[in-house]
Amino acid sequence: MLKRILATAMLVAMAGTAMAQEPRTLTIISHNVHKTAATGGDLATAQNIAGEWAERNNVTLNWVTLDIGPLHDRLLREMSLGETSVDLAVVLNTRVVPSVARLLEPLDDLMAANPIEDLEGISKGLLDATAIDGKRVAIPYRHATNAMLYNKAILDERGIAVPTSLDELLAAARAATHVREDGTRVHGLIITAETHVTPLQFLSAFGATYIAPDLSVHANSPEMIAGLTELAKLHQEGVIPPNATTYSLDELIATMREGRGVFAINPFARYTALNDPAASLYPGQINAIPYPTNVAGKSAANTEFWSWAIPGNSTQKELAYDLIRELSSKEATVRAALNGNGPVRPAAYDDPRIIEKLPYAAAEAVGLRDASIAIPAFDGAVEATALFIEEMHGALLGLKTPEQAAADLQTRTEALVAKSK
Amino acid sequence: MTDLAPFVVPNLAARRASALVRSIVRTFLFGLIVVWSAFPILYVIVSSLKSQKEIFKFPPDLLFTPTLEHYVSLATTWNGYFATLGNSLIVAVGATILACAASILSGFVYSRYTNRLLAGSVLYLIAIRLLPPIVVTLPLFPLVDALKLSDTHFILIVLYATFWVSLCTMIMKTFIDKIPRTLDEAAMVDGATTLQTLTRVIFPLALQGVAACAIFVFIFSWNEYLFALIFTTQHAKTAPLIISEVMDSVSGTNWGVLFAGVTVQLMPVTLLVIFAQKFLIAGLTAGSVKG
Numbered sequence: 001m002l003k004r005i006l007a008t009a010m011l012v013a014m015a016g017t018a019m020a021q022e023p024r025t026l027t028i029i030s031h032n033v034h035k036t037a038a039t040g041g042d043l044a045t046a047q048n049i050a051g052e053w054a055e056r057n058n059v060t061l062n063w064v065t066l067d068i069g070p071l072h073d074r075l076l077r078e079m080s081l082g083e084t085s086v087d088l089a090v091v092l093n094t095r096v097v098p099s100v101a102r103l104l105e106p107l108d109d110l111m112a113a114n115p116i117e118d119l120e121g122i123s124k125g126l127l128d129a130t131a132i133d134g135k136r137v138a139i140p141y142r143h144a145t146n147a148m149l150y151n152k153a154i155l156d157e158r159g160i161a162v163p164t165s166l167d168e169l170l171a172a173a174r175a176a177t178h179v180r181e182d183g184t185r186v187h188g189l190i191i192t193a194e195t196h197v198t199p200l201q202f203l204s205a206f207g208a209t210y211i212a213p214d215l216s217v218h219a220n221s222p223e224m225i226a227g228l229t230e231l232a233k234l235h236q237e238g239v240i241p242p243n244a245t246t247y248s249l250d251e252l253i254a255t256m257r258e259g260r261g262v263f264a265i266n267p268f269a270r271y272t273a274l275n276d277p278a279a280s281l282y283p284g285q286i287n288a289i290p291y292p293t294n295v296a297g298k299s300a301a302n303t304e305f306w307s308w309a310i311p312g313n314s315t316q317k318e319l320a321y322d323l324i325r326e327l328s329s330k331e332a333t334v335r336a337a338l339n340g341n342g343p344v345r346p347a348a349y350d351d352p353r354i355i356e357k358l359p360y361a362a363a364e365a366v367g368l369r370d371a372s373i374a375i376p377a378f379d380g381a382v383e384a385t386a387l388f389i390e391e392m393h394g395a396l397l398g399l400k401t402p403e404q405a406a407a408d409l410q411t412r413t414e415a416l417v418a419k420s421k
Numbered sequence: 001m002t003d004l005a006p007f008v009v010p011n012l013a014a015r016r017a018s019a020l021v022r023s024i025v026r027t028f029l030f031g032l033i034v035v036w037s038a039f040p041i042l043y044v045i046v047s048s049l050k051s052q053k054e055i056f057k058f059p060p061d062l063l064f065t066p067t068l069e070h071y072v073s074l075a076t077t078w079n080g081y082f083a084t085l086g087n088s089l090i091v092a093v094g095a096t097i098l099a100c101a102a103s104i105l106s107g108f109v110y111s112r113y114t115n116r117l118l119a120g121s122v123l124y125l126i127a128i129r130l131l132p133p134i135v136v137t138l139p140l141f142p143l144v145d146a147l148k149l150s151d152t153h154f155i156l157i158v159l160y161a162t163f164w165v166s167l168c169t170m171i172m173k174t175f176i177d178k179i180p181r182t183l184d185e186a187a188m189v190d191g192a193t194t195l196q197t198l199t200r201v202i203f204p205l206a207l208q209g210v211a212a213c214a215i216f217v218f219i220f221s222w223n224e225y226l227f228a229l230i231f232t233t234q235h236a237k238t239a240p241l242i243i244s245e246v247m248d249s250v251s252g253t254n255w256g257v258l259f260a261g262v263t264v265q266l267m268p269v270t271l272l273v274i275f276a277q278k279f280l281i282a283g284l285t286a287g288s289v290k291g
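For the record, the sequence lines run as chains A and B.
For the first sequence, our numbering begins at 1 and goes up steadily by one.
For the second sequence, our numbering begins at 1 and goes up steadily by one.
Heads up, a few of these hints could be off.
[As the list claims (entries may be wrong)] List of simulated lysine-lysine pairs, DSS-like, C-alpha gap at most 30 angstroms:
id : chain 1 : residue 1 : chain 2 : residue 2
1  : B       : K57       : A       : K317
2  : B       : K237      : B       : K148
3  : A       : K135      : A       : K330
4  : A       : K298      : A       : K357
5  : A       : K357      : A       : K330
6  : A       : K317      : A       : K135
7  : A       : K330      : A       : K124
8  : A       : K35       : A       : K330
9  : A       : K419      : A       : K152
10 : A       : K421      : A       : K135
11 : A       : K357      : B       : K53
12 : A       : K124      : A       : K35
13 : B       : K148      : A       : K35
14 : A       : K35       : B       : K237
15 : B       : K148      : A       : K152
16 : A       : K152      : B       : K53
17 : A       : K357      : A       : K35
18 : A       : K35       : B       : K178
19 : A       : K400      : A       : K233
20 : A       : K124      : A       : K419
21 : A       : K317      : B       : K148
22 : A       : K400      : A       : K124
23 : A       : K357      : A       : K152
24 : A       : K298      : A       : K124
[Claimed, not checked] Coverage of chain A stretches by chain B, computed from C-beta distances (three or more under 8 angstroms per stretch; other residues unrestricted):
id : segment
25 : 63 to 77
26 : 158 to 167
27 : 274 to 287
These are computed hints drawn from the structure, not numbers from a lab.
Cβ coordinates follow ideal geometry from the N, Cα and C atoms, glycine included.
Chain B on its own, in the form it takes in the complex:
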């Protein structure tokens, strides 16, 4: 024992020291990422509670008397903002439901069936994602107008869902690929139709993927600006358009109101991401590990 001690103890100490260093570095990097990610959000929220004079004061006051004046101003001066939040919600929920429903069906088909047409259409799905959205708006604008769909929730729901259905299809395919085909076969042996197999067997098992898709589509639809700008005027106008108006290039930005609006806009999405982060991570890492 005594002979071994000189060899074992320094080795153990070195490993402990190394582990400690790794732990410190990891904690530091983790802290850095948290600060990097959370600082802008905190800055916006805190600034929304400061008076106009205090917002850009340097050095900033860490202790200040919070005020809700900007939220009051948002509700009075930009009184359309809260109505547009309702529009944002209708459009985001509608697009999420539509995109998820379409993606489950298409993901199932891509996962369980193989032929040349399907293989070719995957390329088409990916190619659609490569198109800059502004390009799509050029031919769409007169078409939407002719169909009398301008300034309706419906057109935004369809556009947002269409824009995301390709990626969501791929996500769903990856999730459904992981579900053993033997389950489909067992269900069919028991007399289930293809639709019943999908809704009663596949869907419950792929729910994590559906949730991931839903989060992606919801966040996109909630924040989207370009399509909303081009295809809405009044009735279906969404909240990001009002926020862009607060960033006024004629009179200058009212920063307090802007921060208040952004805080309100951020809340649902931030809460959604916090509560559903495991689904989000599952969606982002779907298919990354084979096995």
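Pulled out of the complex, with its shape left as it was, chain A reads as follows:
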């Protein structure tokens, strides 16, 4: 009896303490897309996953949203302090490198105490890329896997079939390049060559790899030279826009929406923006398919992804981890995908809600299956992207022969990797 009374009294006291607790504030630094994925933003069909968790745990979420560069700049500055007010952050895969990982909280102990539901269900390649020196420092959350986007209306108008192999794609891009009656030039292939991602995607279809996961450099391979040679030819022929080296994502979107581009390399998720009836002259006419190779049934896909991580100097690590657990669950992954997130669990693509909402779901599942990380995580990863861009531009613009560019890239990257090891 006494035990019962004591237990009841303790429960009442604990409940009273919990009720009297001030709501805690959890500060999250991310890009706006992650906030939208976790909360639904202002979507009519918003799935407020993080908001529901916050309400259950009496937590106020303080989102600090920044664009990619400023986000990492701010995060690194915060992690250099003795203590930071940032409790949770998203990091791009190229920034999850050993020097940064040392500033992040290893999640292994937290995961051992409170495991993440079906961790193995998250794409293995992404999981492997976020474990540094045997320690798990981040949990993948959003992927952007590259696809082949094409304007079906223009292909039909020009009598061109949807390509199923790399050779067909190159031929189709050449055939689709033309000048309209009003003088508008229509380019067969649009890539954003101001960054490394889409050119590496283009080259990977030739079988080229820049840096392998074991950090061996393959920039001077025959596949890379073949890819660079084709890229330069396409540029000379006007299939790729003359200003390709400065082509940004915004220009790619505008070009495709206005029908000035026929094929484009960009993530599957761009489907929505390109088919937006309020902004596109071709709503519902732009499709997304896995990027074809000359090997039947095999696509080429580079992927970039974002992960949740906890700064090592955060003061609320357990609370932050609890939110990571919530956002990484199977159901939350599907719900975030309905908010527009790229789900890192391949099984999510089988969910009827996703199949209904995303017309490209099946294609993206194939793309994710074949995907590889554009550049592996090592301390010189960001510099390696800069080297690649420089040499690729040299080849594309004809300033160097593809052979010379590939050889120079090999030499410079090998030195960089050696220095970074």
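Could you slot chain B onto chain A? The hints should help.
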């Protein structure tokens, strides 16, 4: 008279023709500069009123049905924008007041007193302006954090004022140099203290310089991005940070919302410059003519 006519008339006609040509060239160049300066602003404003599809349409439609959809979207999707405009205003006004107050005092000292220390410190003032702001942020970030000043209006006000006080000091010195010292002496003969001389004699006469400094500091503080990015997160976040977020490198820029945000951001500064342009010109040309 008749003998002179052949000489005078062609000369007059030639001068008139020359004046006409000069006038045409001047008008053309003036028009060119106006178009060069005003076109980007007009383009932004007009684009903010177009539908998304019409913004980049080529050839552009000169006549279109204006829409406020982007302003609505700015207020709903980027609902923090208008709150950050309030922060921008607090910071810009605060920095302007602080910088002007400090510059009047220092400008007075540099104008009216001379010694080696002051001469040396002028070099220091100019050298400070040569430092790229990003360099300053490296040691400042941990310091500001340790002082618990991160994400406060106060830190931005102090930083912006500090950044401009050197140039404003030079502007104020130039203005105060033009005020005859005999006025100071007359005030002192009448029993005024140095501070009274400054506030009651010098300050009213140097008001044009103060206005020029105020405009410079306000415009800088209103538009500044780097310090705001590094030293604020939420409570003191300013409007340029939201605009940079609209220029999204993950999802692509929402151009209509961007143009709407830029239009709102531009308005106070544009109106300020239009209404206070004579002070601005006075500030830019201060000390350019000796006499």
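Do the hints match the structure? See the list:
Between the alpha carbons of B/K57 and A/K317 the distance comes to roughly 50 angstroms, so the proposed pair goes past 30 angstroms and is violated. At most 30 angstroms may separate the alpha-carbon atoms for a hinted pair to count; B/K237 and B/K148 meet this at roughly 16 angstroms. Under the criterion of a C-alpha separation no larger than 30 angstroms, the hint pairing A/K135 with A/K330 is consistent with the structure, at around 23 angstroms. Under the criterion of a C-alpha separation no larger than 30 angstroms, the hint pairing A/K298 with A/K357 is consistent with the structure, at around 25 angstroms.
Among the hinted pairs, A/K357 with A/K330 is consistent with the structure: their alpha-carbon atoms are about 17 angstroms apart, no more than 30 angstroms. Taking the CA atoms of A/K317 and A/K135, the gap is near 16 angstroms; set against the 30 angstroms cutoff, the hint holds. With a C-alpha separation of about 15 angstroms, the suggested pair A/K330 and A/K124 falls inside the 30 angstroms cut-off, and the hint holds. Between A/K35 and A/K330, the direct Cα distance comes to roughly 18 angstroms. Compliance with the 30 angstroms bound is thereby established for this hinted pair.
Of the pairs offered as hints, the one joining A/K419 and A/K152 is violated, with about 47 angstroms between alpha carbons and a cut-off of 30 angstroms exceeded. Restraint check: the Cα-Cα separation between A/K421 and A/K135 comes to about 17 angstroms, which is no more than 30 angstroms; the hinted pair holds. The suggested pairing of A/K357 with B/K53 holds, with an alpha-carbon distance near 24 angstroms, which does not exceed 30 angstroms. As the CA atoms of A/K124 and A/K35 are separated by approximately 24 angstroms, the hinted pair is consistent with the 30 angstroms bound.
Of the pairs offered as hints, the one joining B/K148 and A/K35 holds, with about 27 angstroms between alpha carbons and a cut-off of 30 angstroms not exceeded. The suggested pairing of A/K35 with B/K237 holds, with an alpha-carbon distance near 17 angstroms, which does not exceed 30 angstroms. With a CA separation close to 57 angstroms, the supplied pair B/K148 and A/K152 exceeds the 30 angstroms bound. Annotation: proposed proximity of A/K152 to B/K53 holds, straight-line Cα distance about 19 angstroms (limit 30 angstroms).
Taking the CA atoms of A/K357 and A/K35, the gap is near 20 angstroms; set against the 30 angstroms cutoff, the hint holds. Between the alpha carbons of A/K35 and B/K178 the distance comes to roughly 57 angstroms, so the proposed pair goes past 30 angstroms and is violated. In summary, the hint linking A/K400 to A/K233 is supported, as the alpha carbons are separated by about 13 angstroms, within the 30 angstroms threshold. As the CA atoms of A/K124 and A/K419 are separated by approximately 28 angstroms, the hinted pair is consistent with the 30 angstroms bound.
Distance hint between A/K317 and B/K148 is fulfilled; the C-alpha atoms sit about 21 angstroms from each other, no more than 30 angstroms. A threshold of 30 angstroms between alpha carbons decides the hint, and for A/K400 with A/K124 the separation of about 38 angstroms lies outside it, so the pair is violated. For a cut-off of 30 angstroms, the pair hint linking A/K357 to A/K152 stands: about 20 angstroms separates their Cα positions. With a CA separation close to 18 angstroms, the supplied pair A/K298 and A/K124 stays within the 30 angstroms bound.
Here's how the segment 63 to 77 of chain A fares: 10 of its residues keep a CB closer than 8 angstroms to some CB of chain B, so the rule of at least three is met and the hint holds. Coverage of a stretch by a chain is defined here by at least three residues with a beta carbon nearer than 8 angstroms to that chain's beta carbons; for the segment 158 to 167 of chain A and chain B the count is 0, and the condition is violated. With a threshold of 8 angstroms between beta carbons, the proposed coverage of the segment 274 to 287 of chain A by chain B holds, since 5 of its residues qualify and at least three are required.
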